[in-house]
Amino acid sequence: MLEIHQSSKKTWDKKDPLGLGVLAEIHVDSDVSLGEAFFDIRPHFPCFAFFLDSSNSLILKRTGDRDYEYTRVGIAKFLRTATQREKDPLQSFTTGADPLDEAEAGVFEKVPWGPITESHPRTTVTIV
Amino acid sequence: MRGVDLNSLPKVFADAVVICRRLQIRYLWIDTLCIIQDNEQDWERESARMADIYANSYLTIAASSSPYECFPDFETRADEIHLPPGEISIGLPSIAAAVPMMDTRGNPSGHRWLSRKRFVAFRMHGDDNQSDDYSSDEEGAASWLYIHVGWTPSSTRKDPKPFFIGGFGRRFDPLANEQLNSRGWTLQERLLSSRTIHYATDQMYWECEKTFVSEDGSSFDPAIFSLNSLIERQCLPASEHGFHQWGHASYIEGFSHQMENPDGRWRGGWLEHVQRYSERKLTKCHDKLPALSGLAAIISARTGDEYLAGVWRDHVMEDLHWRVYRRDEFRTGFQAIHSEGSSFVVAQDRLSFSYGEKVWDVAIPTTSRGPSWSWASIDGRIRFVPLDFTRIRASFISCNLENSSLNRFGTITKGWMRLLVSILAPFFLFSMPM
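Top line first, the protein sequences correspond to chains A and B. Residue numbers for the first sequence follow the working numbering, beginning at 1 and rising by one. Residue numbers for the second sequence follow the working numbering, beginning at 129 and rising by one.
Do not rely on the hints blindly, as some may be mistaken.
Stated by the list, open to error - Which stretches of chain A does chain B cover? Using the computed rule of at least three CB atoms under 8 Å from a CB of chain B, they are:
| id | region |
| --- | --- |
| 1 | 37 to 43 |
| 2 | 50 to 61 |
| 3 | 81 to 87 |
| 4 | 90 to 102 |
| 5 | 107 to 121 |
Said to hold, decoys possible - 20 Å max Cα-Cα, derived SDA-like pairs, lysine to any residue:
| id | chain 1 | residue 1 | chain 2 | residue 2 |
| --- | --- | --- | --- | --- |
| 6 | A | K61 | B | C527 |
| 7 | B | K409 | B | G543 |
| 8 | A | K61 | B | S496 |
| 9 | B | K542 | A | H120 |
| 10 | A | K110 | B | F517 |
| 11 | B | K542 | A | T63 |
| 12 | B | K139 | B | L161 |
| 13 | A | K61 | B | W544 |
| 14 | B | K409 | B | C527 |
| 15 | A | K110 | B | S496 |
| 16 | B | K542 | A | R66 |
| 17 | B | K409 | B | R511 |
| 18 | B | K139 | B | I163 |
| 19 | B | K542 | B | F524 |
| 20 | A | K61 | B | T518 |
| 21 | A | K110 | A | H120 |
| 22 | A | K61 | B | N305 |
| 23 | A | K61 | A | K110 |
| 24 | A | K61 | B | P493 |
| 25 | B | K486 | A | D101 |
| 26 | A | K110 | B | L134 |
| 27 | B | K542 | A | P43 |
| 28 | B | K486 | A | L20 |
| 29 | A | K61 | B | R546 |
| 30 | B | K542 | B | F517 |
| 31 | A | K61 | B | G543 |
| 32 | A | K110 | B | R519 |
| 33 | A | K87 | B | E381 |
Stated by the list, open to error - Just so you have them, the derived chain A footprint on chain B, three or more residues with Cβ under 8 Å:
| id | region |
| --- | --- |
| 34 | 449 to 455 |
| 35 | 491 to 502 |
Note that these hints are calculated values from the structure, not bench results. The beta carbon of each residue, even a glycine, is placed where N, CA and C say it ideally should be.
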């Protein structure tokens, strides 16, 4: 696991639809995924993102007692990396079609909202 | 005991006795009289039975507007105009010319946002001279509009008021802002009661599984507070969880146009009720889980699901994904979050982000009420955030809980939950003011 560091504001691209909560990034497959974290009480470092789906995660901190035990401190949502977006862009970005018109015709967006795929390894954790 | 002098009772209790007599109901249960309030043992024993009492009662009488004082005297009401709840429920700003959004507390902004139109535009069949936006292009037979003399609500018969007919509108609980509904314990009481008469600020309401109607004739969706509806939604398959298929339509990277407006277990389901519950007040801070334990016990019995400190085993991923809202949040340009979920606005050239005024303090209680994964571990307004159930990346392994009492749906002293998940360590850049 990686330690968390304060990073430069320059790495945040305003074209990404993020601006609420605490802006965050994770490194996925040698690329950067940007996200928003919402802490329950206040930001806590170090902490870790435990992904429930491709984009959304619980933010947990280690308890003082045991290395494998964690306590919840918030949630965070992350967007796909630039590489993932380039490889598999949103339909509306490529076809120019209105997504709601497409949906009405039965064509729905197939790309995930976040960076985590089935290829990413999983591990057992304990939340207290 | 030979009896109780009605004059010795608080007005609200005496009123309840009178109501029961008129309805020829012989027995009346009043929590504060039937439970010895300063006896901890009696309170623990009787409060554990509270859910059974409400679930098995013939009728619940709710002094919704003033639970500590008296039932309202409708014949002396001072409102100049009677605003039926149907009018308040109008939620289409383009037609109603009303303020479109409500705050994330679920509170209407008050009467100031109401449309007070006195006229309704009609277009008769074949009338081509009309060019208003309300006309229909479809050919069809002309309709008749019948207007009758009448009065409503019936309690205003002696002093009739102008009545504005409400239109169709959004899903609406006309009792949401009544004082009684600001209290934690009353959420399960309302859900478990088979039928309830609400004495609200403006008029009386009848609520049961099939009907939710006000004295003035406005009717509401009974599924808003329906135990059967709640249990049905607990049994929805995973494909109905999170945001729906339409939620996969998107104009912008990472955000569904329906992200905050899901159906599933929100619409009259567990998630919606817990969200409301998080805004209610409890006299005793440690009652957070006990005050919902009767409801949890009934859901567990009827669904076979396991209750994990406010989280359901069969819906564990969805129930774990909550967050606190100290203030309203707005993503201007494509999404506005409000009490009914979110309104989607097509992205403009730029996005901007802003917070509303702080409306809620968030705190961790001094005495632990449950594990950190549970919404019950925190004091504050919470909302569940929908997940993409086509791409769930975590699995439940096991859970262990230790209760503080014999009530296994009550306060948890200690517990752990084991999950299989992908873990990454985020780098935090900078924060917006929260």
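Against the structure, the hints:
1. 37 to 43: holds (count 6)
2. 50 to 61: holds (count 10)
3. 81 to 87: It is violated, with 1 qualifying residues against the three required.
4. 90 to 102: Check passed, 5 qualifying residues.
5. 107 to 121: As far as the region 107 to 121 of chain A goes, the hint holds, because 10 residues have Cβ atoms under 8 Å from chain B.
6. K61(A) - C527(B): holds (19 Å)
7. K409(B) - G543(B): violated (25 Å)
8. K61(A) - S496(B): The given pair, whose Cα atoms are some 17 Å apart, holds under the 20 Å limit.
9. K542(B) - H120(A): violated (32 Å)
10. K110(A) - F517(B): The given pair, whose Cα atoms are some 13 Å apart, holds under the 20 Å limit.
11. K542(B) - T63(A): holds (14 Å)
12. K139(B) - L161(B): holds (13 Å)
13. K61(A) - W544(B): holds (14 Å)
14. K409(B) - C527(B): This hinted pair is violated, its Cα atoms lying about 29 Å apart.
15. K110(A) - S496(B): Violated, at roughly 42 Å.
16. K542(B) - R66(A): Since the Cα atoms of K542(B) and R66(A) sit roughly 15 Å apart, the hinted pair holds (cutoff 20 Å).
17. K409(B) - R511(B): holds (17 Å)
18. K139(B) - I163(B): Roughly 19 Å between the alpha carbons, so the hint for K139(B) and I163(B) holds.
19. K542(B) - F524(B): Measuring from Cα to Cα gives roughly 18 Å; hence the hint holds.
20. K61(A) - T518(B): violated (27 Å)
21. K110(A) - H120(A): holds (19 Å)
22. K61(A) - N305(B): violated (38 Å)
23. K61(A) - K110(A): With a Cα-Cα distance of about 33 Å, the restraint between K61(A) and K110(A) is violated, given a limit of 20 Å.
24. K61(A) - P493(B): Satisfied, since the Cα-Cα distance of roughly 19 Å is no more than 20 Å.
25. K486(B) - D101(A): violated (38 Å)
26. K110(A) - L134(B): Roughly 68 Å between the alpha carbons, so the hint for K110(A) and L134(B) is violated.
27. K542(B) - P43(A): Roughly 24 Å between the alpha carbons, so the hint for K542(B) and P43(A) is violated.
28. K486(B) - L20(A): Distance of about 14 Å is within 20 Å: holds.
29. K61(A) - R546(B): holds (15 Å)
30. K542(B) - F517(B): Violated, at about 30 Å.
31. K61(A) - G543(B): holds (16 Å)
32. K110(A) - R519(B): holds (11 Å)
33. K87(A) - E381(B): Roughly 14 Å separates the two Cα atoms, so the pair holds.
34. 449 to 455: This one holds; 4 residues, not fewer than the three required, reach chain A with a Cβ under 8 Å.
35. 491 to 502: Three-residue rule met by the region 491 to 502 of chain B, so holds; n is 5.
Consistency note: the structure conflicts with the earlier hints numbered 3, 7, 9, 14, 15, 20, 22, 23, 25, 26, 27, 30.
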